[in-house]
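Protein chains in written order, with the UniProt record's numbering: chain A, 1 to 191; chain B, 1 to 191.
Keep in mind that the hints were calculated from the coordinates and are not lab data.
There's no promise every hint is true.
Said to hold, decoys possible - Computed, partial: chain B to chain A, Cβ under 8 Å:
1) His28
2) Gly48
3) Glu49
4) Glu58
Just so you know, these numbers come straight off a predicted model, no measurement behind them.
Virtual Cβ for every residue (Gly too), placed ideally from N, Cα, C.
Protein chains: 2
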Amino acid sequence: MELLKERIRKDGVVKEGNVLKVDRFLNHQMDVKLFREIGKEFKKRFEGEDINKILTIEASGIGIACVVAEIFDVPVVFAKKTQTKNIAGDVYTTKVESFTHGRVYDIIVSKEFLGEGDRVLLIDDFLANGKALEGLAKLVKDSGAELVGAGVVIEKGFQPGGDFLRKQTHLESLAIVDAMDEKTGEITFRE
Amino acid sequence: MELLKERIRKDGVVKEGNVLKVDRFLNHQMDVKLFREIGKEFKKRFEGEDINKILTIEASGIGIACVVAEIFDVPVVFAKKTQTKNIAGDVYTTKVESFTHGRVYDIIVSKEFLGEGDRVLLIDDFLANGKALEGLAKLVKDSGAELVGAGVVIEKGFQPGGDFLRKQTHLESLAIVDAMDEKTGEITFRE
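Looking at chain A on its own, in the form it has when it is part of the complex:
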């Protein structure tokens, strides 16, 4: 998606340790006009797919998911991150390892909002190691719902999440970063 790549080049900041900061428009300040264009692009890429629910994960996925959901005309469910020890039996839950934060947390979705008959599109802002999306895919499977695909705004193509997820489902990443140079700030996108 050319508009997105231009925006990443203009406002993205490459930091030490392969960190790409996009908090000017994606995950701290949120450009909802761009989100709408992102939604239209996902709609095009999942054309003809029967989707009745979007599943995302808190926090930064929620805004994008909601604007995208308006275009798909479906509700959003977001998985909650929790460190609560005692989780009631009325939720689907799995563990997710966060490389960014160096810890493992539980994610949960109420059984009331995901189940047989649902045809689910996952939406998230970032895909790197893919643990969050892998966790969401597991919740979908556990619930008896069908995973239709996953839509990601930015994929770090040099990390393993994308390849792993493509084996499981129809993955669409709107910008795939293949390399970043923290010295020059240069970002190389996959063609």
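Starting from the known structure of chain A, fit chain B onto it as the hints suggest.
Leaving out everything else, chain B in the frame of chain A:
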């Protein structure tokens, strides 16, 4: 807002301890069509106000804020909750006490995204004791931006947050719950 009150009556669940669960449409599963109507209502109630930014707090405020922001045609900034000890100097920060979770956490907003010249509308899903919105208002003040008002979807009118916030700014709550009966499930709204 009649549509919202009807929805709360239909899908809200009154639980022990004055808890109103609205996770079927507001803060776990999210009905983005309703969010759009909510956005139109806020637009009407803040008619004529000069607003260039919406500020909310993760997680459940983000989805509503983004859909509302599309109607106001402004970007969203969301304050992040953190328990990180060392917060860099490039953020505004304050402490917020959560009654629901029984703890105190720091909220932060990058200085890059809030400052002089900004005219800010706060948006959140719930207002009870008002500590989260009070924290957001403090960040706005600290940044030199101007607080134009606060838009809340559901206010618990029997808790002190609303009265406190009304003294500070133009508060609009789309549904004010004055009483709940956990035995009958009855919800009394303020006229």
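For each hint, the structure was consulted:
1. His28: This hint holds: histidine 28/B lies near chain A, its Cβ roughly 6 Å from the closest one there, short of 8 Å.
2. Gly48: Nearest chain A Cβ about 22 Å off; hint violated.
3. Glu49: violated (18 Å)
4. Glu58: OK, holds: glutamate 58/B within 8 Å of chain A, min 4 Å.
In this structure, the earlier hints numbered 2, 3 are contradicted, and the remaining ones agree with it.
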